[in-house]
Amino acid sequence: MTKQITTSFQRGDAAGVSSKQSLIIKNFFLRYGTIVALLVVTLILAFTTPSFMTALNIKSMLAQTAVLGIVAIGLTFVSIPGEMDVSMGSVVTLSGVFAVSMMTKEYGLFAALAAAAAVGIVVGSINGLISIYGHISSLIATLTIGAIIDGVSLLYTGGYRLYKGILPSYRYLGIGEFVNIPVPVIILILVAVLAYLLAHQTVFGRRLFAIGGNTDAAILMGINPKLHSLLSFILCSTAAALAGVIVTARVGTAEPFVRFGYVLDAFAVVFLGTTTSEEGEPHIPGTVLGILIMGVLSNGMTLVGVPFFAQNILKGVIVLITVVVSSIMRQQRK
Amino acid sequence: MMDKLALEMNQITKFFPGVLALNAVDFSAYRGEVHALVGENGAGKSTLIKILSGIYKKDSGEIKIGGEVVEIASPKDARLKGVSTIHQELNLVPFLTATENMWVGREDVLKNPFISRKKMQAEAQRVIDRLKIDLPLNIPVKHLSVAQQQMVAIARTLAEDAQILVMDEPTARLAAHEIERLFEIIRRLVSQGVTVIYISHRLDEIFKLANRITVLKDGCLQGTFDVQDVKPPQLVRMMVGQGVEDRYHKVNVEKGGDLLICEGIADGKKLKDVSLKLRAGEILGVVGPVGSGRTELVKALYGTNRVTSGSLVLEGERFTPRKPADAIERGVALIPEDRRGEGLIMHMDVSENITLPNIGRLSPWGFLRKRRERKIGEEIAHQVDIRMSSSRQRVRYLSGGNQQKVVVAKWLGKKSKVFLLDEPTAGIDVGAKAEIYQLVSNLVAGGAGVIFISSEIPEVLGIADRILVMRSGRVVAEFDRSEATEEKILTVVLAGNVNVETDNVETEKVSG
Chain A
1 MTKQITTSFQ RGDAAGVSSK QSLIIKNFFL RYGTIVALLV VTLILAFTTP SFMTALNIKS
61 MLAQTAVLGI VAIGLTFVSI PGEMDVSMGS VVTLSGVFAV SMMTKEYGLF AALAAAAAVG
121 IVVGSINGLI SIYGHISSLI ATLTIGAIID GVSLLYTGGY RLYKGILPSY RYLGIGEFVN
181 IPVPVIILIL VAVLAYLLAH QTVFGRRLFA IGGNTDAAIL MGINPKLHSL LSFILCSTAA
241 ALAGVIVTAR VGTAEPFVRF GYVLDAFAVV FLGTTTSEEG EPHIPGTVLG ILIMGVLSNG
301 MTLVGVPFFA QNILKGVIVL ITVVVSSIMR QQRK
Chain B
335 MMDKLALEMN QITKFFPGVL ALNAVDFSAY RGEVHALVGE NGAGKSTLIK ILSGIYKKDS
395 GEIKIGGEVV EIASPKDARL KGVSTIHQEL NLVPFLTATE NMWVGREDVL KNPFISRKKM
455 QAEAQRVIDR LKIDLPLNIP VKHLSVAQQQ MVAIARTLAE DAQILVMDEP TARLAAHEIE
515 RLFEIIRRLV SQGVTVIYIS HRLDEIFKLA NRITVLKDGC LQGTFDVQDV KPPQLVRMMV
575 GQGVEDRYHK VNVEKGGDLL ICEGIADGKK LKDVSLKLRA GEILGVVGPV GSGRTELVKA
635 LYGTNRVTSG SLVLEGERFT PRKPADAIER GVALIPEDRR GEGLIMHMDV SENITLPNIG
695 RLSPWGFLRK RRERKIGEEI AHQVDIRMSS SRQRVRYLSG GNQQKVVVAK WLGKKSKVFL
755 LDEPTAGIDV GAKAEIYQLV SNLVAGGAGV IFISSEIPEV LGIADRILVM RSGRVVAEFD
815 RSEATEEKIL TVVLAGNVNV ETDNVETEKV SG
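So the protein lines, in turn, are chains A and B.
Numbered per our numbering, the first sequence spans residues 1 to 334.
Numbered per our numbering, the second sequence spans residues 335 to 846.
The set of hints was computed from the structure by calculation and includes no laboratory data.
Cβ atoms here follow ideal geometry from the backbone N, Cα and C, with glycine treated the same way.
Treat the hints with care, since some could be wrong.
Said to hold, decoys possible - Chain A side only, calculated, beta carbon under 7 Å to chain B, not exhaustive:
hint	residue
1	Gln201
2	Thr202
3	Asn214
4	Met221
5	Gly222
6	Pro225
7	Glu255
8	Glu279
With the hints as extra help, turn the sequences into a complete structure.
Written out as structure tokens, the structure reads:
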């Protein structure tokens, strides 16, 4: 095995310079193709639709993307050790419902935020405990938990939407601006910076990546993969809970019936991000890049007048292409 | 029936990069004979078998099956030509039944797009009848014992109408009474005209079962003998050969006090009863066939397998590892057998891999200090002389030998005291091997103790201060460096009996 690999490498070294160059170009596009694509789309939009490059549009584009972005960053954390969470959409709804109902009952802003945080921590723990300690695939576990959470949202509200008593300070989180920047965007930036530090500058993050790279080896190095994965589930659900706060703060109601449709988009964003890393692993800068690409795409398609349903098809195609590219890339590395 | 040649392999030669794996080897087998193939690890047995079963392509030579010259292009092609191989790992689908397993991949033979259970069933029953065995056909094979699973594998080859059946160490995982039953089945097959090529490390089995024996050494044919014409010690001598050159520079290190003491440890499974002492500055070699419990021994010491009885003392204090972290905490390091699968994070770079077990200590408040970390990683990498383009090179792109150095290097920053090395030189080239030996010598020179597991006896002889031989989860012999010879060790390793007197080989061996 080892011998075969060395020889194929020697062969690669022995190949001509021109093929080496083309390999470099190929690798560049494999790795940075998504960045190039983002630039191209942005430029085309900027030059063809005058309304794109206005401060107002960019502001609203980023504000709209903030919720998706926070969810995607949460998802990145479960993806790093190789898990999955599809209950995020349900958590967004439930946390919004609980937060608003706290204000309806006049418990105040702090109680609303605490309720949302509690939803995130509790659901994340349940997701983690069931999938890790129950040895169930996290896809199945979180799918089931998601359905249960949907039920809880409906049961708690009786199916009615909640809007009474929402405090202006709460709405500020969704529609306010701070030095001319929408508050959701500021929150997204804060989340992204914290996530970057946690994933890429701490021991916890390093160990998460080690688990994702080779769980068996990580165990033999004394790392506890169960505990680390559990924490990543909690981080993920907490991010979804935060997103739930921002969604309800933006629209001013909590609607138990409205499905948060961004989960697939969030997966797409994380996938886009993986293509920018050398080994195809999820990472925070990649996810941030993916968020921007998704934001520009959605906004651009709306500006150009692509019908809503066609937008989904287009997005789907882009996600597919990315997934295929990323998988081919990984194949080539092996 | 033993009149016609079922198989002839003439002048088979096979090169691997830098190694002549087979040098013009002749091998033949009659219809209805059991032909044993013996030799040390690396002698070329597996290579020869893999050529026969279509996994490798020969570089030169010819193969005749039933007198006709054939080219075997793939494992499937081999099966179509009547050659079936039962590997040590049986390659069954665990959740399918015995019947289904016998048909997996051959459903097309039924010439029907829908699977006819009835037909499959009938065929399976026919084969079982032919073997005269009792086998539950309709429950998933994962519920069967290893011995029963092996029956399924054999039945499968018969369903394929195999004329030549290759069995690679079939008894490695069987209990004594199961081995007897397997032998009955093999004899029945042979009486029906099937040719069995039997690879085993256990000479007692070979003398019980085989008609002829072929010995390989270092890729060369040592000879083919009728079983009556040869005695076990002669075989051992042929397998070992004469004059093992001194490739190992044994550095003599002053031995310190007892570092690790095991008293009768067992894991309730494969590890039955092992007692050993490891002193500081000592290299303790452990040899034994696959399944002898040698890997389980290091797993127990490292906390991945639970020790159910016996006691461990490390540096004078009780040691009860329940998880790897416990062992690491006490200064025990494991260099696992499967370095890619268990030793390295392939997508991380050299420095990141080296510092990983130590990352908590290197990072105050849980925050990485990347510059310092890299400096330390680079220092250690240079210390063990890892050949890399830079410390940022991902370990995936290193050669096997350099990867192994990374695995060892991980523990240097941790100042580990007991190193458990499980087959550390498997699959790496000779030059890199010498460097690994050097590395191990440096470890003990620094006061560490090393348990060195290997399948290559010359290697252990070269490097170890003492050598333990394991069989069936027990230590069955211990040799001091001064008295150990390859022949003595191999004799114990190959013996079926636990209490073989090394001087008494002839009588003890055959009776076993």
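Exercise for the section: Return the numbers of the hints above that this structure violates; sort them in rising order. Expected result: 6 and 7
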